[in-house]
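Here the protein sequences come in this chain order: Y and W.
With this note's numbering, letter number 67 in the first sequence gets 67, and the count goes up by one each step, no holes.
With this note's numbering, letter number 402 in the second sequence gets 402, and the count goes up by one each step, no holes.
I should point out that these hints are in silico values taken from the structure, not numbers from a laboratory.
Cβ coordinates follow ideal geometry from the N, Cα and C atoms, glycine included.
Do not rely on the hints blindly, as some may be mistaken.
[To be verified] Partial pick of chain W residues on the chain Y-facing surface, computed with a CB cut under 8 Å: (1) S45; (2) S385; (3) G462.
[Said to hold, decoys possible] Beta-carbon label-pair distances, calculated as ranges: (4) W:R169 to Y:K315: 38 to 46 Å; (5) Y:K315 to W:A112: 41 to 49 Å; (6) Y:G384 to W:G224: 39 to 47 Å.
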Amino acid sequence: MTLQEAQTYLLERARERGVELEVLSSGSRELTLRAREEQLEEITAAERGGLGVRVVTEGRTGYAYSEELTPEALDWMLDEAVENAKLQSETDGFLPAGRSLGRHDLLGEGLSAPLDEKKQMALELERASKSDPRVQQIGAAAYSEREYQTEIASTKGAAGGYRSGYAYLMTSAVMAAGTSVKQGWEVKVAREIAALDPASTAQEFIRKTGRLLGARELSSGRYTAYFEPQAFLALLAPFISLWSGKWVLEGKSRLADKLGQRVASAVFSLYDDPDHPQGLMNAPFDAEGTPTRKVHLLREGVVESFMHNTFTARKLGHEPSGHAARSYKGVLDVAPHNLIVAPGAGVRLEDGVLVTDLMGVHAGAKPISGDFSLQALGLKIEGGEAAYPVENFTISGNFFELLERVVAVGSELEWSVLYLAGASPTVEVAEVAFAGA
Amino acid sequence: MFNESTAEKLLRRARELGADFAEVYAERWKKRNLRLLDLAVQEASSGIERGAGVRLFFGTQVVYAYTNDLSEANLLEVTETLARLKGGKGQVDARGAGGLDFRRSEPRGLHAPQVALDERDKRWRIERLAEADAAARVGPEIKKVELRLLEWDQEILVANSEGVWNRDRRVRTRYVVTAIAENEAGMQTGFEGPGLGVGLELFDLAPPAEYGRRAGEQARTLLGAKPAPAGPMPVVIGNAFGGVIFHEALGHLLETTAVARKTSVLTDKLGEKIASDVVTYVDDGTLPHAWGSSEYDDEGAPTERTVLIEKGVLKSYMVDRWGSLMTGYRPTGSGRRQDYTFAPTSRMRNTFIEAGGASIESLFEGVELGLYAKKMGGGQVKPGSGEYNFAVQEGYVIRNGRVEEPVKGAMLVGKGPESIQRIAAVAADQKNAPGMCGSLSGAVPVEVGQPHLLISEIVVGGEG
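Okay, chain Y solo, but in the shape it has when bound:
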């Protein structure tokens, strides 16, 4: 069966059984070309697809999915989903009223280019990444592209889909000077191949990693931290759940009773924009078919909204915000599309530490307590200038205190998909605890 046929089959079986059903299906294509020593060391090509159902029966919700599109597998899936639903004690579950959502193409011809051109990009990226004598070994230099088609359909009448995708260049290598060794990386993502340039990506890698060579120890103490965009997004990523309607509902978010209250510095605003001209995760509607819109999570330091799907919104008496998220293998959740730290008046480096990279974010940040303690790399800033690179230190504190101490926000956005899809300027935070030698 094709995904389309499987979707129709499941809707028919669900109607026969008298259960409400929502099918989310996704088909994707991947091409990755990895260069090493002027050869393509690894090529990966793939096509995959699968579908997942959310079943609601007597107000109870259950899930199942399959990548095997035979009647037997689909029947098993439906049986399991109904059985899973019956385990729920929650009886307020529902599927939102559906409507025709249309077909959208967000990708167009963005990834269209001859294969040889893509191969040349990977090879050129590797060559250019080695152009500095301090570069020792290339770990990876790759061109990669992904294209996907998402479809939703429900017994409540939802029907529609969209096609999207992106391409990226990624280089990772070791640089050395004297006894100092640093491994660094650079990723550039775009929805159009034309926006990717191997030479400039390689130059960025060399600049960002090269400046950290010869790093010294940093004395422990409190410093002004200037977070570069990538580092700030890395720090922000684990704490986005605080705005999750699901977390609020489950009592895990310390922002639960802070709607309309100031929790951050007045210079700090955070919003989600699902339709940004440079957005890598744009979407016309969310995983339940709710149309997406621009939503401010924080406006000038005040909590303005949480991220909701229809269930969390109804439970909390709010409006759905278009943040329902579900992969075909997953369960209903909420997630941002393109999360953006609003650009501000600008940051002027004076004295402190320019934090260029954070590591161990998945382990060192605790979204429930807000505590974090993270290994960082950076440059010591003295008298408005980068004095020397620093290493072997951590920054730590509490996310809520950090938000209050934001002093200034830069004026230029830089995009990333690494920790979360979104963009941030440089962010200046006063009095951050640094622990080093």
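Take the given structure of chain Y and dock chain W to it, following the hints.
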């Protein structure tokens, strides 16, 4: 999955197209997930994952494709596409001639479950998980208890142009207890997550009441914890999941994925003394029913016990097929992948520091001011420089040889090759714990482990 004639056609065609080696891998998983919050089922999900991966070697160049469509026509089409993507000669030579004569091997059931996943219904699972929920509520501070249960039943089949035809079946079960404690000081979480290569007997082998209580106590302890001290100091690391530090700081540096590209600082160091004398480090894929064990790896090679470091001397790397081709080292059955969407690379299985002779008490003696990292969180490493960091989940200050107040927010930071030289003493209480390890070929189940051990100096990051 696929039959012998399909595999033979595919492998033969790949060789005709100029591949020096060809492999086809197929798998089918049944997975079930359950999440409870305060005993109410939040989500229950079940799924089938199924797909195949075709991998061709042209010298050391690797091309890989994966698909969910396991029909013969599609698998052959995928093989043609791969050769086309590779480009080059575009001509056929005669090396595909001759029969393949597969050497079939079936798993012996070394890690087969005693209580199969379909022997109990879902209500039974919820009742067993309820034991953890009750035990986690060690005091009024415990406000919420979240429970997750994962069940994986994976069947794989690997065939290659050297006549390998291996099946394996891996059943794994794990539950995770998260206790959330709250008082005026804030919110803290405690966490335990036992998992093994077993079926539902997990609930007897790892009693939910015991693991629930530990999670609850951990959350309660953290509520009263002060910010950790900062700076370089001696650190005693607890056993079991404490082994994550050397998984990150040492294990990853010994995978040929990094060694073959010379991006590991431990490249070309075989036979050299790289760690202190008290360190013997082993990666064992054969431990019965361990979370990271299997009979065959994902390239169809039998798994084995690999001694990586013996008394401080580097004895072996972890070697997959590509790594062996690149370095000439003997393959160690270490080719692993998350699933068919990844080509296999060299990965850890169950990796641990062997028991030493020191008593646990002796590790603390003589430490004037230090940190006892009783329970570790996760971490990360850059193999090129050996820089690592990992979070301490449950930590205490050591003063004058005594374990004193609990501290939170400690992060251990350093360079792996330096830290392994600084292991001053190793106790005898070796134990493993399960985790998921993420790398180039995705997230795979592994065990990490060690006895209690003393490191003479690590930089501790904290606020205090």
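Verification of the hints:
1. S45: holds (4 Å)
2. S385: holds (5 Å)
3. G462: holds (6 Å)
4. W:R169 to Y:K315: 38 to 46 Å: holds (42 Å)
5. Y:K315 to W:A112: 41 to 49 Å: holds (44 Å)
6. Y:G384 to W:G224: 39 to 47 Å: holds (43 Å)
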